[in-house]
Amino acid sequence: MIRRAIRFLDQRSGSAPLLRKSLRYLFPDHWSFLLGEVALYAFIVLVATGVYLTFFFDPSTAKEVYHGPYAPLRGFHMSHAYKSVLDISFTVKAGLLIRQTHHWAADVFVAAIVVHLLRIFFTGAYRKPRELTYVIGVLMLFITLLEGYLGYSMADDLLSGMGLAIGYSVALSIPLLGANLALLIWGHPFPGDPSFWSRMYVAHVFILPVVIGTLMFLHLALVASRHHTQFRRQARQTERRLVGVPAFPAQAPRSLGLLAAVAAVLFLLGGLVQINPVWQWGPYTPSLGTNGAQPDWYLGWLIGGMRLVPHFDVTLGKYTLIPNPFWGGALFPLSVLVALVSWPWLERRLTGDHAAHNVLDRPRDAPTRTAIGAGFFTWVLLVFVAGSADRVTVAFGLSYPAQIWVFRVLVVVAPIVVFLLVRRVCRELHQAELIERDRERAEAEARQAAGARAPRPA
Amino acid sequence: MTLSRLRARALGRPGRRVIWALAATVALGGGVAEAQPPIGIVRPAHEQGQPLSLLGRELYAGNCASCHGIDGRGVGSLAPQRGVGAVKGLGPSLRGVGALAADFYLRTGRMPLERSGKQASRQGPQFNEREIEALVAYVASLGQGPPVPQPHPERGSVAAGLHLFTEHCAGCHQVAGEGGVLTGARVPLVKHSSPAQIAEAVRIGPFLMPRFSRRQISDRQLDSIIAYVRLADAPVDRGGWGIGHLGPIPEGMVTWLIAVVLLVGVCVLLGRRLS
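Just so you know, the protein sequences line up as chains A and B, in that order.
Quick note on our numbering: the first sequence kicks off at 1 and runs consecutively.
Quick note on our numbering: the second sequence kicks off at 459 and runs consecutively.
Think of the hints as simulated: they come from the structure by calculation, not from any bench.
Note that beta-carbon positions come from the ideal geometry of N, C-alpha and C, so glycine has one too.
Keep in mind that a hint or two might mislead.
[Stated by the list, open to error] Beyond 10 Å from chain A on every Cβ pair, some chain B residues (computed):
1) Pro509
2) Gly520
3) Thr624
4) Glu636
5) Pro693
6) Asp695
7) Pro706
[Stated by the list, open to error] To spell it out: a stretch of chain A is covered by chain B in this simulated footprint if at least three of its residues, at any positions, have a beta carbon under 8 Å from a beta carbon of chain B; those stretches are:
8) 12 to 21
9) 68 to 76
10) 195 to 209
11) 252 to 264
12) 272 to 283
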């Protein structure tokens, strides 16, 4: 039966050779190669749940009076957008489950990309011939941040409106271009033209998902065409020979299992843990605000950046050349993006290593890279943590200004300390291994000289 | 293996001796501290037998008069302070503040204050019920002032309350009443306050909080606000575990500490070597 179906397909598409090849594709046998797949599967859950939500979401700012089942909001004037999100949460069948799963999937998607990026970085997987794969991955991460921000903003609740207000002032703060850029996007001074909502909607449900999907396809095609990298765990794993397990029957069930696990975790969270309870925030009006408003976690580093930059504006006479939000809200993420994208070329310049690499480094094998990476990510992490300083004050009573000053010092000092510490640890681990290897070799030679049979190399 | 045994093994025998010595010192120190005269609230010797009026006067003399002056006249300026919410002098006059203010500051544990000028923070009351009654009566007797309010949240509307709360309160107290941070002040939780305390706070405006007159927020509106805060005490948690009603920060923690940890764990399990 299956055989006949395959023959049918092959005779009409000629796809058997390609299929055979892809079933024999070799996957390296190490768990850390599954991290990127977690992101892929979270994306699949995002698309599936997102499609369901588009059936019920209404991206319109036209106002209406709420008469729905949630009593505390009855009689409120609100946009169709916010009302439809309330309806998804209270009246649509499985609406809240799907909405929460969608939101959790977004949070986990970005987190999985970050974890995957860390693995790629610290094992040197981005080196020639995989720089393009890496750059596409980094671009996807940043496009995903924008995609998530739009999704969070479309609901038109109090938090999303405050998030848009911050985004608007960051756009305005870009030197020279700012005012025109903000006008181009919003169409009108904040809160913007009604068409701004349809723009956000089209970008969120169509343009950006297609862009991310296309980049993902390119990313995977490039991975497959250059083949996976591998760790050197056996002597026969070399730059020219890949040792691993075939797509079928080894990797495919493993991968399907992972898809099931990702979907299970996301739907469990969606059903059991509340995320963005929009009914509690109420609808947005520009004159209103709430203390403790925060963006989703993956934009927390921008809030942290804006909080840590001391208060100053670059002015010339009565003209403000560079308003303050620019540093933390625009320049900081831009410099992180530039640093990540240019790193493969930077490293090549630093080390003079222009060769192609199919075998991965363990973090200790490249102490300087590991140390630079650890310092760099510590820097971003500290700025990220600083973004929640206000809630730390509420929860633990630590003074807010004192925390900000501690973080201002830490973001300068800690990366340097981490750099020196990590480099030292890596070097010592590496040295210890070399010494151990030398000793083993010497012992083996001694045994051989004594006439004993040398043990087979493991 | 228990923690103490682990520690003992890590430290060896001399280490264990040091720990015992430390423990003994702490125990002895604790005993000594117990024996010292109590700092903080000063109470008359035979409190139970005293009539309320006398008790109030004595408690006031012992715990309040150093800042608020004899007979609640206030204590004039020692060092002038500047800025919003600064108290002119060491302590303000209590004449005319009435039972309302005394009831609020004592029942929310804000008074007595450790030192003048510090932000009074919400905590358990520092006096017992009878002492509070005595003090409130005493402060009320110092001048003409408002009585303890008696709001009726059951007459208010939750929807109107949410609207008023977002307009007047959420900018500092967070929309679900979880508190927050301002330049120069920590904003306390509004949750788990009694209706009278909420009404008192609105009329007094403690520390940096503005005071709202009846023209700004009528008693009727106040009832609605209180009705909303009581809803916020037990919010509609559709969708499961509420994780603090703060939104993104706890959500990010769940993402990283639960979802990512679980999924990396799954990767490690599934990724066990096949060959």
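Verification of the supplied hints:
no.: 1; hint: Pro509; verdict: holds (39 Å)
no.: 2; hint: Gly520; verdict: holds (28 Å)
no.: 3; hint: Thr624; verdict: violated (5 Å)
no.: 4; hint: Glu636; verdict: violated (7 Å)
no.: 5; hint: Pro693; verdict: violated (6 Å)
no.: 6; hint: Asp695; verdict: violated (6 Å)
no.: 7; hint: Pro706; verdict: violated (4 Å)
no.: 8; hint: 12 to 21; verdict: violated (count 0)
no.: 9; hint: 68 to 76; verdict: holds (count 7)
no.: 10; hint: 195 to 209; verdict: violated (count 0)
no.: 11; hint: 252 to 264; verdict: holds (count 5)
no.: 12; hint: 272 to 283; verdict: holds (count 10)
Hints 3, 4, 5, 6, 7, 8 and 10, counting from the list given before, are not met by this structure.
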